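Protein sequence lines, in the order shown, are assigned to chains C and V.
The first sequence lines up with residues 122 to 236 when you count with our numbering.
The second sequence lines up with residues 40 to 151 when you count with our numbering.
Please note that a few of the clues may not be correct.
Label pairs and their calculated CB-CB ranges [said to hold, decoys possible]:
no. : chain 1 : residue 1 : chain 2 : residue 2 : range
1   : V       : 67        : C       : 184       : 33 to 39 Å
2   : C       : 191       : V       : 55        : 50 to 56 Å
3   : V       : 54        : C       : 160       : 25 to 31 Å
4   : V       : 81        : C       : 180       : 36 to 42 Å
Please keep in mind that the hints were generated in silico from the structure rather than gathered at the bench.
The model shown is predicted, which means the values in this text are computed figures rather than measured ones.
Think of the CB as a built atom: it goes at the ideal place given N, C-alpha and C, for glycine as much as any other residue.
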Amino acid sequence: KAGVTQTPRYLIKTRGQQVTLSCSPISGHRSVSWYQQTPGQGLQFLFEYFSETQRNKGNFPGRFSGRQFSNSRSEMNVSTLELGDSALYLCASSLFRDRVRDEQYFGPGTRLTVT
Amino acid sequence: GENVEQHPSTLSVQEGDSAVIKCTYSDSASNYFPWYKQELGKGPQLIIDIRSNVGEKKDQRIAVTLNKTAKHFSLHITETQPEDSAVYFCAASKTGYSTLTFGKGTMLLVSP
């Protein structure tokens with residue numbers, strides 16, 4: 122079974138631009154979560170989508186948004202990019218929403234650099 | 040909300056030695072504790088997890104222990120090998136929740 126895939130793997134953007142990242146979960150998985158990873162803050166939860174609805178959101182500004190499609194693929198968007206948005210953006214998928222019931226599997230991430 | 044502290048931040052061992060990484064959590068309701076290994080250029084990979092109805096779980100050279108009273112859990116790697124070199128993250132979650140709260144990570148370096 123194929124793992125979680127993320128595209129693109131690397132992106133370089135300029136301050137003020139916007140960016141869209143894509144995630145395809147493991148086949149059959151319906152929950153997709155996004156995390157931001159930086160050296161200073163570590164892994165921080167952005168949001169989670171399940172059945173095309175945002176179910177949970179972390180403490181990030183409204184410039185960060187996302188959506189999920191009927192095939193469970195998900196996209197996240199960051200508008201008006203800032204230098205501090207440079208990070209590795211990780212997508213994780215699982216069958217269920219309850220972590221106690223079901224493990225979460227991560228993709229390789231998209232490395233975003235804002236200049 | 041939940042807070043997870045992880046120590047040490049870096050750990051250097053010789054091949055064949057054991058390595059121990061410790062985490063503490065703040066929310067007594069947390070009952071799921073996974074450990075992830077992240078190699079350079081890759082996403083975190085789940086290596087072992089434990090749920091609060093057990094105190095210890097083993098998988099070959101890797102074991103995790105949980106002390107719910109003290110609210111801490113640990114990762115033990117025995118007979119370390121150079122390919123164990125990576126960043127290890129602990130995390131916590133609880134029933135009915137979808138998010139994981141992560142520790143800041145431990146960089147493990149195993150020297151041949």
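A quick look at each hint next to the structure:
no.	hint	in the structure
1	67/V to 184/C: 33 to 39 Å	holds, 35 Å
2	191/C to 55/V: 50 to 56 Å	holds, 51 Å
3	54/V to 160/C: 25 to 31 Å	holds, 27 Å
4	81/V to 180/C: 36 to 42 Å	violated, 26 Å
Going down the numbered hints, you'll see the structure goes against just number 4.
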